[in-house]
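One-letter residues, chain by chain:
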Amino acid sequence: MRRRDFINIAAVSFAGVGGLAVLVPLVSQMAPSADVLAQSSTEIDISAITPGQAIKAVFRKQPVFIRNLTPDEVAAAEKVDASTLRDPQTLEERTKEGKTNWLITMGVCTHLGCVPLGAGEGEVKGEFGGYFCPCHGSSYDTAARIRKGPAPLNLQVPEYSFISDTVVKIG
Amino acid sequence: MSFAWAKEYKPATGLTQWLDEKLPLPRFVYNAVGAGYPVPRNLNYMWNFGVLAGFCLMLQIVTGVILAMHYAPNALVAFDSTEHIMRDVNWGWMLRYAHANGASAFFVVVYLHIFRGFFYSSYKAPREMIWLLGVVIFLLMMATAFMGYVLPWGQMSFWGAKVITGLFGAIPVVGEPLQVWLLGGYAPDNAALNRFFSLHFLLPFVIAGVIILHIWALHIPGSSNPTGVEVKAESDTVPFHPYYTAKDGFGLGVFLLLYCAFLFFAPNALGHPDNYIPANPLSTPAHIVPEWYFWPFYAILRAFTYDFFFIPAKLMGVLAMFGAILVWFFLPWLDTSPVRSGHYRPLFRKFFWFGLIPTMAVLFYCGGAPAAEPYVMLSQLASLYYFAHFLIILPLVSSIEKPEPLPFSITESVLGKDESAVLNATPAAA
Numbered sequence: 001m002r003r004r005d006f007i008n009i010a011a012v013s014f015a016g017v018g019g020l021a022v023l024v025p026l027v028s029q030m031a032p033s034a035d036v037l038a039q040s041s042t043e044i045d046i047s048a049i050t051p052g053q054a055i056k057a058v059f060r061k062q063p064v065f066i067r068n069l070t071p072d073e074v075a076a077a078e079k080v081d082a083s084t085l086r087d088p089q090t091l092e093e094r095t096k097e098g099k100t101n102w103l104i105t106m107g108v109c110t111h112l113g114c115v116p117l118g119a120g121e122g123e124v125k126g127e128f129g130g131y132f133c134p135c136h137g138s139s140y141d142t143a144a145r146i147r148k149g150p151a152p153l154n155l156q157v158p159e160y161s162f163i164s165d166t167v168v169k170i171g
Numbered sequence: 001m002s003f004a005w006a007k008e009y010k011p012a013t014g015l016t017q018w019l020d021e022k023l024p025l026p027r028f029v030y031n032a033v034g035a036g037y038p039v040p041r042n043l044n045y046m047w048n049f050g051v052l053a054g055f056c057l058m059l060q061i062v063t064g065v066i067l068a069m070h071y072a073p074n075a076l077v078a079f080d081s082t083e084h085i086m087r088d089v090n091w092g093w094m095l096r097y098a099h100a101n102g103a104s105a106f107f108v109v110v111y112l113h114i115f116r117g118f119f120y121s122s123y124k125a126p127r128e129m130i131w132l133l134g135v136v137i138f139l140l141m142m143a144t145a146f147m148g149y150v151l152p153w154g155q156m157s158f159w160g161a162k163v164i165t166g167l168f169g170a171i172p173v174v175g176e177p178l179q180v181w182l183l184g185g186y187a188p189d190n191a192a193l194n195r196f197f198s199l200h201f202l203l204p205f206v207i208a209g210v211i212i213l214h215i216w217a218l219h220i221p222g223s224s225n226p227t228g229v230e231v232k233a234e235s236d237t238v239p240f241h242p243y244y245t246a247k248d249g250f251g252l253g254v255f256l257l258l259y260c261a262f263l264f265f266a267p268n269a270l271g272h273p274d275n276y277i278p279a280n281p282l283s284t285p286a287h288i289v290p291e292w293y294f295w296p297f298y299a300i301l302r303a304f305t306y307d308f309f310f311i312p313a314k315l316m317g318v319l320a321m322f323g324a325i326l327v328w329f330f331l332p333w334l335d336t337s338p339v340r341s342g343h344y345r346p347l348f349r350k351f352f353w354f355g356l357i358p359t360m361a362v363l364f365y366c367g368g369a370p371a372a373e374p375y376v377m378l379s380q381l382a383s384l385y386y387f388a389h390f391l392i393i394l395p396l397v398s399s400i401e402k403p404e405p406l407p408f409s410i411t412e413s414v415l416g417k418d419e420s421a422v423l424n425a426t427p428a429a430a
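Chains as they are written, first to last, in our numbering: chain A, 1 to 171; chain B, 1 to 430.
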């Protein structure tokens, strides 16, 4: 290799690597900032939710549905053969052991992110008795599993734990 | 560039002569939209919409820059600052309505411009590059309009942002991180609003740049015309100025009448009342739809409700929606007929008026309707025809169709055949 070629390749490579390195901050500034990431867990008092009721809480600026299922709703969810579903999961897999009546899911439709109806008082619950997304007509059952419509997955179950019988920590 | 008989710019005064030697800007304008640009003499009113689109962009930039002087892109105050513009700023209501309705007007004009291109096959050689740049401009317009609609931070703004960025979430593997990256969070919030404002301000100037390329590419072969027969002689053309400046001026007057009718008498007719409710991340509006100009593509997005082999319905919808526009990029090579104008293509013409146009109308209607039957089924049928039209029907029609005889020249199509001048020429061969 000629000395001139070496200098040429070395200079262009150095400038190229340097140029790419500049892209790192330009790209990563778009990612969630520290204050957005800091809102990563929420504690919620669930003592006032009676069977059949649900509340909407906020986790990472997104709604979370906390629903106290009635025995009928639990039975309806368990009656379904999970293997026939689009996103096969049983109610047990979607709730904590011994607390299958507490259905805690994100209130974000897995299609395009609308908030499904069904958690608020008097809202439509759809033909499977769980949640109904008004945007594109996805219906979820009483275990918040997708049953009909364009959504590909069940409503996401966030990471959570029961701190006590009445307080749940999400995140 | 241009034809041999194009008039040459002659600076009239000492000052313009001095300028012509240093920076020949007047010469450039003279050759672009002045007497130095010869244009086919037979252009009909469908050829007004390019100039009108340029006017709309200027209108949007002027009103938009002014609105940005009064608007605050922060999730806490964005909605209030929009109301501040509407209630407190002098003439603020008019400027905002002018901008919002200006966006709609821009899309009306551009859709007509595109459909002019479809009917007269303006995309065919040697004008492919003009068409490709035009599709790029259209995509940029859609991105700009979408981000602009988010800025008032009302309910439709918020949920529009959520649904559209959710489209990227459908991409396998990288989708969700990409969506979070685009939004700068897990849901639309201050970070998203701020970057949308920044880009909404930037993109119109990018569009202006691509328009310059679009016009540059246009001036190499020169404008097409309703016969699709290329310019052959000076008698086929007239100078852009004063002939088409006058014709475009008249068109602009008609356009402004319609635009002002909306602006002053029905400024909210094309908007959604829900966007006067501040953004609420916990409650989705009952009927969420994009602005009217996205309806046909939104209908295609929602048409896919079942998994397609191994591709999930959601991803399929997203691919189809983007594909509906990307297919336009291939149009110059899908339509292989040597005849350009739909006037001389009997079969093409039928599929245009009774296939493509009704299909677009159905998609348009279904996109604005709720996601329920019969609209989903109609969207599915219309989406099927839409893709079949471009990918199957156009190539097939091009190969089996027998075009009608073309006029020998533009001049002949305007003035009729000069029988005494015809010696041995056989026009049908042209």
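Please keep in mind that the hints were generated in silico from the structure rather than gathered at the bench. Some clues are possibly wrong.
Claimed, not checked - A few chain B positions that, by computed beta-carbon distances, are all more than 12 angstroms from chain A:
hint, residue
1, F55
2, L59
3, K162
4, L183
5, F201
6, R302
7, F352
8, P407
Said to hold, decoys possible - Pairwise CB distance ranges, derived in the manner of DEER restraints:
hint, chain 1, residue 1, chain 2, residue 2, range
9, A, S40, B, V206, 32 to 42 angstroms
10, A, K148, B, I325, 23 to 33 angstroms
11, A, E78, B, D80, 21 to 31 angstroms
No experiment lies behind these values; they were computed from the predicted model shown. Glycine residues also receive a C-beta, built at the ideal position from the N, C-alpha and C atoms.
Among the hints numbered above, which are violated by the structure, and what are their numbers in rising order?
-> Hint check: 3, 4, 6, 11 fail, others pass.
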